[in-house]
Amino acid sequence: MPSETLLLEDAAPPGAPAPVLPQPAKAAVRWLLTEGRQIASLEDLLAGLCQCLLSAGVPIDRVGMHIRTLHPQVAAVRVLWRADGTAPTKTAYGHDVPIGDLFLKSPFFVVYGTGRSVRRRIEDPDCPRDFTILDDLRAEGMTDYYVTPLTFSQGRTHAMTWASRQPGGFSNADIAAIDSLLPAISMIAEARESRRISKTLLDTYLGPQAGARVLNGSIRRGDAETIAAALWFCDMRGFTELSERLPRDVVIGTLNDYFECMAGPIHANGGEILKFIGDALLAIFPIKDDLDRDRVCFSALDAAQEALRDLETLNERRARTGEDPIRVGVALHTGAVMYGNIGAPERLDFTVIGPAVNLVTRIEGLCPVLGRPLLTSARFASPCGSKLVSLGRYPLRGISEEQEVFGLPQ
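The letter at position 244 of the sequence shown is residue 244 when you use our numbering, and the numbering goes up by one with no holes.
Derived by calculation from the structure, the hints in this document are not laboratory data.
Among the hints, a few may not be true.
Below, in silico cross-link-like pairs of lysine-lysine (DSS-like), each with a Cα-Cα straight-line distance of 27 Å or less [to be verified]:
#, residue 1, residue 2
1, 199, 275
2, 387, 288
3, 288, 275
4, 288, 199
5, 90, 199
6, 90, 105
So the derived label-pair ranges between C-beta atoms look like this [claimed, not checked]:
#, residue 1, residue 2, range
7, 113, 368, 54 to 64 Å
8, 125, 55, 54 to 64 Å
9, 124, 217, 54 to 64 Å
10, 167, 37, 31 to 41 Å
11, 27, 215, 28 to 38 Å
12, 344, 398, 20 to 30 Å
13, 355, 35, 46 to 56 Å
All values reported here derive from a predicted model rather than from experimental measurement.
For every residue, glycine included, the Cβ atom is placed at its ideal position computed from N, Cα and C.
Turn these sequences into a full structure, and let the hints guide you.
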């Protein structure tokens, strides 16, 4: 068999007799469609599949699953299994990784572009060395390398890699067994990836807790519950003037930098961002019970102070490049809110509403009036002791009684 690129024939046309599974593939397909379909992680799925193939006598020593994904930070994921007994490894590749010569000189460039398989019989003296990885595989003692497409239902092509140290490489029966597995692998891998993408998108656009609720079936308008939470509301000072004065890309970059300063500490301290509203941000820190309230208040206050420190660091960096500082107001409050699906039948929003939300937004409006970057309600401040000091009582628009507000000691 030549060691050049092997482009396999297309699948049998509709109406043709179904192909008979080679014996080594039967147990693997049975496993994929029973136990394998219940496995959540690609690492465990690949390990189980490879064990089935080894037990059936297919001489695999290195198998990779390469999935191009939909994720704000991650462009592709590789899961790599080796026959040395170590656990499979998972590597994520970000969107910032440039598509350069390494990809253009890889078999994936061919497989993704054509949807066909590629084979290199590495031990053959006349084997082309057109792919960068072949030298590494040869150094590992591999004799054969086979790259196959995984085609998902929407037509996007992913890939599997199969390498062997067996003298002579894969037999025709081995190749047939691998090929016969691909539809089942594609089906199971796509189901895993589809759920992961759904979770990622819901986490990204709704937040992990709200996303999990939607994914688990809380999707009807009016599906809601009352929860206790610490509420965070922040707003950038002077955003309207900034957005009118600066180019669009600069405005977006400034917003992203500001939100990054806020979001990191919120997530690190157990909070969840519910929505971005222009230059404002609404987040919650759920309170499990009365005993948990003090801890949550401390965590939310720590998050706010950390966010302001991060913003100060950002402003120092902006000053060095001649950019204006970003000013912000942050308000914190605790209370009961209705948490769930609200909106029109065709367009729902998973959010919180209630008097507590109104109050925290009104308190934030006092930040520029009092010249303070952080204000809290008396209810929020009560467990925080000397960490916060009273700044007096103030009328708030839409609130019937004056409210005592607190800030950091100066």
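Run through the hints listed earlier and report the numbers of any the structure violates, in increasing order.
Hint 8 contradicted; others consistent.
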